[in-house]
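Chemist: Given chain A, work out where chain B should sit, using these hints.
As they're listed, the protein sequences go chains A and B. Mapping of the first sequence onto my numbering: position 88 corresponds to residue 88, and the numbering continues sequentially without gaps. All you need for my numbering is the position in the second sequence, starting with 1, plus 323.
Some clues are possibly wrong.
When the alpha-carbon atoms are kept at most 30 Å apart in a straight line, the in silico DSBU-like pairs for lysine-lysine are as follows [stated by the list, open to error]:
#1 LYS352(B) / LYS126(A)
#2 LYS356(B) / LYS126(A)
#3 LYS7(A) / LYS126(A)
#4 LYS357(B) / LYS126(A)
Estimated spans, in silico, between C-beta atoms of each pair [as the list claims (entries may be wrong)]:
#5 GLN55(A) / LEU369(B): 54 to 64 Å
#6 LEU300(A) / MET394(B): 26 to 36 Å
#7 ALA509(B) / PRO247(A): 34 to 44 Å
#8 ILE389(B) / ASP62(A): 46 to 56 Å
#9 TRP170(A) / MET394(B): 26 to 36 Å
#10 PRO536(B) / ASP62(A): 48 to 58 Å
Honestly, the hints are just simulated from the structure, not real lab data. Note that the Cβ used here is the ideal one computed from N, Cα and C, for glycine as well.
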Amino acid sequence: MYKYTIKRILLMIPTLAGAAVLIFALMRLIPGDICELRMAGEGAWVDPQAIKDCQNNLGLNDPFFVQFWDFVWGYVVFDLGPSMWTGKPITEEIALRFQLSMEIAIIATIVGVVIAIPLGTISAIKQNTWIDYVVRSFSIAGIAMPSFWLGIIIILGLLISTQHFFGEPWMPPIEYTPIWVDPAQNLLQLIWPAIATGYRYSAVATRMTRSALLEVLREDYIRTARAKGLIEKLIINRHALKNSMLPVVTIVGIEFAFLMGGLVVTEQVFNLNGLGKLFVESVLNHDFSLTQALVMLVALIFVVTNFIVDLIYAMLDPRIRYS
Amino acid sequence: MSAATDASNLQDADLDTVLDRRSAWEKTKNLAKKQPLGAFGFAVVLLMVFMALFADVITSYDPEDISFGDMLVSPNFDFLLGTDQLGRDIFTRIVYGARTALLVGITASVVGAFIGLILGVASAYFGGTFDLLFQRFMDVFMAFPLIILALAIVSIFGGGVDKVILAITIPFIPRCARVVRSNALAIREIPYVDAARAMGFSHTRIIIRHMVPNVMAPFLIMITAFVGQAILTEASLSYLGMGVQEPTPAWGLMLQGGAEEYAESAPWVPIFPGVAITLAVFGFNLFGDAVRDTLDPRLRSQQ
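If we strip away everything but chain A, and leave its shape as in the complex, we get:
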């Protein structure tokens, strides 16, 4: 296990290095000069000296390997340089929004898992009955429904229902309230985007719970448990559910990493100033240094999450012995 952990950590390095190269190359593929594009936009005239200064400031005239080294080294020392659009340090811009996005992601995970495990279990036990069909439709709909549309519908629902019950329309506030300042206000603000992203999450996890449980229920030891007269409830809770949680853990981990992608759209709908919105703005503003830093951050979270999932997997299942 110890050896395996070290090996996995070492294997992460080439993937991350590759990701860094890929992003770096992609950002250099952008046609035209970045400074010119930024300052002149669609054909306006700009002092050539200003463009040259801008290039020098951003280090765009340095050789590629120097630029690449700056980019990678920036990640090691947590100093990613200035944003090309605002001029503020990128590290600061990210730190400002990290908490908000992480909080939504965590609440969405909780919402997803709390819905998924009971639903998936019922669906597996009542396989091929109308309950099963309803749950399956519900979960397939969750994968089909765009989270930004669900967000719009949630806002619409909130507006209409608050208007109806309190006589005054209410919308979740845009200004972020940190959890230690006012937990209730914080939850009231973030629960809605968390539900919008969490529905898809729960859908994926429900399907996984169902199929994992169905597989376990066919095992010999379940038949043995039934044969010795154990009541069905105990069979499910004690014997089946525990052993079917492994793939569910995996899918929860993988989906957590994908949540980062989901947040990009959800934050836009709820107008929340998180990492996703920052990313969209950076792309729209042609702020390449910021785009580059953010995409790398997502890759980092993704790879590290996968690593943690593998470790948890090994801990949960004593049969898995990595060499």
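Modeler: Below, chain B alone, put in the same frame as chain A:
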């Protein structure tokens, strides 16, 4: 009826189940009975194709026709699903939007899966260092959520239907290549591949004639499974303003801007395009599940 014919009928029926000699129509009927969700999905897919092909017959309006006299009209007999903030008929834009969605969804998944198929089979066939390096290369692409990579690509090439297709195709290639590769690895060990090599066939011929046809099942599964995801990604990109551009009718685009602003006074503006996206992806996913269950016997009983 004599006992003899009864017996022969019985035998025939048994043989039918063993040899699977039923007609195509019967098979379809059986499949629909066994997989009602899959049949429903197929119906939705057919409806979408029908809408895309006969858009100009289904509706008499022009999807790009702006009419300030008919702004935000609620659904009625003239405008079945109402009009948007520019007075365009929402039903018409949804029908034409099916074209955009299908074009992006199907092109991205077919092209992506095809490139993934070739790369995956080649990687498995050659093995060794090439396979190892190729897999690490694919890992790098897989380290990004689909929409993030698609957004990064769009930020380089800009919006528009063709760019969106490119942005969705590229992230799909490694996902397909990985699945195809793991299937092709098993096929490589089957003696007929050795036999083909012993006969002196070229690598290209062995890959295309002997290996590719045998990984068709996972290939088709990947295509059908991905169409829904591609439509969803296109909608997200368009919603963010970085996908399909106005005035092209696209469902995600219809939810952008005005949709939120007028949500309360004109709820039909945000509701119907979202229903269209959900239904389309829902249909393709159900259809994809049914295709997978049919083509992959190992998964058949589980789902």
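Chemist: Take a quick look at whether LYS352(B) and LYS126(A) sit within 30 Å of each other, Cα to Cα.
Modeler: The given pair, whose Cα atoms are some 25 Å apart, holds under the 30 Å limit.
Chemist: Do the alpha carbons of LYS7(A) and LYS126(A) lie within 30 Å of each other, as the hint requires?
Modeler: violated (43 Å)
Chemist: Is it true that ILE389(B) and ASP62(A) lie within 46 to 56 Å of each other by Cβ?
Modeler: holds (49 Å)
Chemist: Quick check: does the Cβ-Cβ distance between PRO536(B) and ASP62(A) fall within 48 to 58 Å?
Modeler: holds (51 Å)
Chemist: Below or equal to 30 Å on CA atoms is what counts here, so check LYS357(B) against LYS126(A).
Modeler: Given pair LYS357(B), LYS126(A) holds - Cα atoms ~17 Å apart, limit 30 Å.
Chemist: CB of LEU300(A) to CB of MET394(B), is that within 26 to 36 Å?
Modeler: Since LEU300(A) and MET394(B) have Cβ atoms about 47 Å apart, the given range 26 to 36 Å is violated.
Chemist: Within 34 to 44 Å: is that where the Cβ-Cβ distance between ALA509(B) and PRO247(A) falls?
Modeler: Once the Cβ atoms are compared, 22 Å apart, the range 34 to 44 Å for PRO247(A) and ALA509(B) is violated.
Chemist: The hint says 26 to 36 Å between TRP170(A) and MET394(B); measuring C-beta to C-beta, is that right?
Modeler: holds (27 Å)
Chemist: Are LYS356(B) and LYS126(A) close enough, with their CA atoms no more than 30 Å apart?
Modeler: Roughly 19 Å between the alpha carbons, so the hint for LYS356(B) and LYS126(A) holds.
Chemist: Range first: 54 to 64 Å. Now tell me if the beta carbons of GLN55(A) and LEU369(B) are that far apart.
Modeler: For LEU369(B) against GLN55(A), whose Cβ atoms are near 55 Å apart, the range 54 to 64 Å holds.
Checked against the numbered hints given earlier, the structure breaks hints 3, 6 and 7 and satisfies all the rest.
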